[in-house]
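Residue numbers (our numbering), protein chains in the order written: chain A, 1 to 723; chain B, 724 to 964; chain C, 965 to 1448.
These are computed hints drawn from the structure, not numbers from a lab. Check before you lean on any hint, since a few could be wrong.
[Unchecked claim] When the alpha-carbon atoms are kept at most 30 Å apart in a straight line, the in silico BS3-like pairs for lysine-lysine are as follows:
1. K791(B) with K260(A)
2. K260(A) with K715(A)
3. K669(A) with K698(A)
4. K235(A) with K932(B)
5. K630(A) with K791(B)
Quick caveat: nothing in here was measured; it's all calculated off a predicted structure.
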Amino acid sequence: MKISRRDFIKVSIAGAASTVLVGCQPNQRYVELEPYVVPPEEAVAGQATWYATTCGMTPAGNGIIVRVMNGRAVKIEGNPEHPLNRGKLDALGQAGLQLLYHPDRLHGPVVQETPGRREFKPLHWNEAVNILAENVKRAGAGLAIWAGLTTSGHLVDLFKRFAKATDAPAPVFYDLYAALHSYDALASACGGALPTYDIRRADLVFAFGDFLGSGPNPVYYGVQFGAFRGQALGKRGYLAQFEPRMSITGAVADRWVPVKPGHEALAAGAMARIIAEEGFGGAERAARAGELAPEVDVAAVAEACDLEAEALVKLARAFAEAANPVAIPGGAPAGADNGVEATKAVQILNAIAGVGPLAPGVIPPGITPTTPSTFAEAQALIEKMQNGEVQTLLVYGANPVYELPEAAGFRQALNKVETVVSFSPIIDETAAWAHMVLPERTYLEGWGYRVVTANTGRTIISSRQPVVVPFYQDEATGPAYSTGDVLLTIARGIPDAIAALPWTDEVAYLKQMVGALPAGAYGGSDPDTRWARYLQHGGWWPAEDAEPAASIMELAPVKVKAAASQGEANEYPLYLHVYTPVMLGDGRGASLPWLQGSPDPMTTMTWRSWVEINPQTAHNMGIKDGDILKVTSPYGSIEAPAYVYPAIRPDTVAIPAGQGHLDSGRYAKNRGANVIDLLGATTDATGENLAWSNVRVKVERTGETINLPIFEDKKGAQEHLHF
Amino acid sequence: MSEQDASGKRRWTMIVDLDKCSGCGACVVACHAENNVPIAAEDQVVADRSQHWMRIERYWEGEYPDVKARFVPVLCQHCGEAPCEPVCPVYATYHDERGGLNAMIYARCVGTRYCANNCPYRVRFFNYFDPVFAEPLNNQLNPDVTVRSAGVMEKCTFCVQRIRRAEHTAKVEGRTLADGEVLPACVQACPTGALMFGDRYDAASAVAKLLEHNGRAVRLLETLGTDPSIYYLKGGTSHVD
Amino acid sequence: MSIETERNPWMSAPPESEDEQEQVEHLRKDHLLLDPVGMEAMNQDALGSMTRHGRWTWMLIVVLGGLAMMAGVGWLVQLFVGLGFTGLNRTIFWGMYIINLVYFIGIGHAGTFISAAFRVMGFETRRPIARAAETVTLFALAAAGLFPIIHLGRPWKVYWMIPIPNQRQLWPNFQSALEWDAMAIMTYVVGSVLFIYIGLLPDLAMARERTGVNWRRRLYSALSLGWRGTDRQWALHESVSTIFAYVIIPVMFSVHTIVSWDFAMTIQPGWHSTIFGPFFIVGALYSGVAAVLVAMGFLRRFLKLGYFIREEHFDVMAKFLLIMSFAWIYFYFGEFLVTWYGNLPPEMTILDLLLYGEAAPLWWLMIFCNVVVPVGLLWMRRVRRNPGILFVIAVFIQVGMYLERYLIVGVMLGRPELPFNYSWYYPGLEIPIAIGAFSFVIFFYFIFTVFVPIISTWEVGEGQFLHGLRKIGRKITKFKSDMH
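From just these sequences and the hints, can you work out the full model?
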């Protein structure tokens, strides 16, 4: 275009005139001076958009809604329509926002020459996918997939199809969350499904593990607990908690029963026997107890459990005479060497009362739940890796280098694998040992669904959709691939796989599967409407049933023994109680400052690991708050400061999991100690499940002392609060 | 301001059912997320400068084995006779007559910290440093809420931005605010439903009904005459043994 | 000292016998006002003190100046990053900055009291020490005035506390005790500075007349505001001084009362007490008089002002100190007795903390400094007339009174109503800033003595004119003229 001088002058004059004209308009168009008497919070600016999706911080599958303003996700809340969590959410789930905006997230794929050196070089997405495709093709049946329990159902299906098509071993779904909540033992004791109970109308609950702060479904049970404590006509449920270390469930329980570790099931068995012998709770219950509870010497059991026989009788009577009693298994007993038996012993109490866990829902065709593998299956894969049978290992949504005990040999086995590929969005411990990292979008940017883990009597499919555009779309690395698309792209290059994975992208896959769902709570006559409503409401579930169906368990009498300990009592005098803390969970909360910095409810500790020890034991050993202790088990040792904890058995020390990361971002790195280092890779009596709760330890002072990062004043918290 | 606004005074009230509170900390994180409350680093926690508008106080009673832990969630009590209000020399903290809120204008605060000393509940927090939100964590910030700089006090606002937004929506839709339409972030998150929120002056509201003839309702440090807006329902008991 | 003896015009007759001579000499040695050496000699002695700073004194001044600068740097850091380097926390929001404020305001009470109240009551002892005491007030108030600002989270907004109409639509809240405090401190600072200045005028003119034509002369000419010593000027001076003296006394009482109300108006356990007003005033005078004793010791020793500041002055001040000590003990005991008898749990928590708890070492040290040392020693005449021992006692009282404020602010705040939030105060940056503040006060005190005669010669001269010896029978007695 040619501009003459005349044109230029014309344009200039027009421009100047318009500037002047605009400038002459009344000044309120530009600024309004707000005096300092109106806080900005009073002004409502902008409209938010809410998107329904599914929490990816825990495997529970809680429905969430995310508040998005100006393209930024700013708040996560529970989805009020979601039948599992009913608008409520735990600390972990709400902090997921910080995963999305984590400062140490990878911007694109990276490779490293030598695993473990953490010298990563960026790579273009296309190049990375090509390299991965090459490797996968070359590996053929030597492909292995290890995924965590938060993995979306569609990826579970794609992984399985891929493995099947390439004759590779079945993918393993195993992570620390599953391990420390004994998913495997609980499921095998309860007919393959994780037992979930309806306690809303129960008048008495016996719990053998924490179910409000951790466990498979803390939010679900939280909602239930609220109803349990506030029933119609002022009725209030009574909760007794059997555990060696008071969890938050123990704190809200009406009665905390500090059973000797490994003996919880014995106490349950003894109570069942007492019901039979004393004929508590009517003839029917007593008769059922007689059938199911084998003979035990109640006095001896009580002594072994470190309880008074009288207390056991009272509790047994209360259970038998309650109208709707429930016993909730889980916790440490399920993680002992007799975890399956122990769980069954607790279930016998339920059977006596005539209650069963809620029935699992029927999974519609095309939908894949994320079913955890057993520890034995995970071990089998590690063995394959050690034998050099695995050329390419894909690790998705799990962090086995951090999560598995040293004795499981995963770290060593990685050396035998030609190519290790991680899909972690942040360099975690496993990614540090990977050859290549293809960072998956966080769950707030990705597609998918989760079939909720809890068996609430009906199927709940919780949808996942991107609430914001992928945060990192760097020019240098090209448009980001989701892992689903990576798989589908790779499949196109492998003749065997292309038939099994024929979709163009993961959304096409999801649309097909969701479109085929039967009519659910939100209806819809055609697949597109169903798809839209599925995304809008946060998933698919059948229209509300009047009452969730309970399943009746077929149980045989169980004769339980006390759990055998790992470690000799004379060398390792204390029981180790490992638990997942409320804030950090199994460690995936450790990378998020909101969770690191929010006080643990029981100890008010932040930012650290700690060792909980009974005041009497501490006094005898000369241990004070903040003394760095060396805790040694037969498998290893860690150091962490002591926290003198009034509600723990004198023969037990408790250490929370979740800290001790070597990677996983700046907030998690080099913070505290990893309690998993104290565990072995021993399986329980069935040979299937990890026995993690029956390890013994010894404790020594190192001589160092630190100031504990606690929120409370320890002396003040012992004082009486005057209301 | 329209007449509609001026007419109906409210008294926003929270009920904390101590019998239901499991101490799970969901409210604490919800508050951090909603109100841009900075997280104290470890050395600042050691220096006792944790900043949690909503905190769960855990008290021990008794000794092992008859030991009991009690959770008491404590947040700004939004006192009707707030001790923090008259002591501020620059009116940075003031009483919002529309909703009975104890409100705070960060921009006016000069940082005498007198309000915090005079708060018997110690629910006011001071920004000793500028808050740090490492890039790109600043994306998580709620645009409705000011990020407070070093040198000013801050405290729970009962999520006033949510209240105003709901009032605004109701006004635009030409209706009055419905009971349960406004929930502060902590109440929204609380899994067990231990926290409830509503307008006590509205006799039909759930909180007003619950408080009527409720023998369990107490207020924290009520003898000080602060007239708090937060009611605690004392833990119930049921004896089976 | 080459001061010629000059006959007092009011002295009736020269001593007649050796015995009389002895009596006269004894009285003159004891009492400054009976020991006139002539106006000119006295003026020269007082002016000479401005140049009598030895090498060690100057080195001390340099060190003190350096420490004050250090505090300035510390404050700069605080201005830029916030109050994070202090030891304050989420329970204890007031710390050493407020303690310093209270402490220095307290110190500042003595000057005014000695100068104004003694003047009004006609205590002649005040004459040579009034200026020294007023100067303590001046610089203590300067330091005290800084601390509320240092204490603020956003000190650059401090003018928001001043009622000036503005576009921000801000107006200070006159319900706030801090606002009263700001007003009271400002009034007191302005009033005290004027009061000191008025007393200084004749001496500035005197200095002007006796200095060669150099910068000093120009300085004194400007500062003396054309004082010529005319009758009219003296008459005006007399009435203004008297009016000021009467006005400043209630202001002084109100200031520390209002400072105490900063605490007493709150509902913090340990603070909410009606006794705080008078209790703080007594405490302020107690520490202030002790501070003046420290200053007197310094002046007598380093500036060789032995002629003006005599044992009789130490004796009187020490007696006053003893009285204040008893008064302080009375109030302190009264407060604790009421608390203990009332037996309210939050108050008892604090009592336990002080008597047997974590704060017990501090509390008992305070009792030692404030009760045991002064009450145990000051009843002895020998001690009262020994400037060295008095200096040590006065320093003990400074420590004790600082600890008393420390316990009230830094320790009691750590015991709020909800026990979960108990806390303990470990000061950080406050310590260098406090050291700097003490250095600042002493530094400027010394610098002041370089520029201004620290003895009010006109007052001493006036006193000497009014006093004399008279022989009644065989005894020589002193008398005061009623010609005033």
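| Straight-line Cα separation of K791(B) and K260(A) no greater than 30 Å? | Holds. K791(B) to K260(A) sits at ~18 Å (cutoff 30 Å).
| query | Given the proposed pairing of K669(A) with K698(A), does the C-alpha separation stay at or below 30 Å? | reply | Satisfied, since the Cα-Cα distance of roughly 26 Å is no more than 30 Å.
| Hey, K235(A) versus K932(B), does the alpha-carbon distance stay inside 30 Å? | holds, 18 Å
| Straight-line Cα separation of K260(A) and K715(A) no greater than 30 Å? | It holds: about 28 Å lies between the C-alpha atoms, which stays within 30 Å.
| query | Under the criterion that the straight-line Cα-Cα distance not exceed 30 Å, is the pair K630(A), K791(B) satisfied? | reply | Roughly 29 Å between the alpha carbons, so the hint for K630(A) and K791(B) holds.
Violated hints for the displayed structure: none, as all numbered hints are satisfied.
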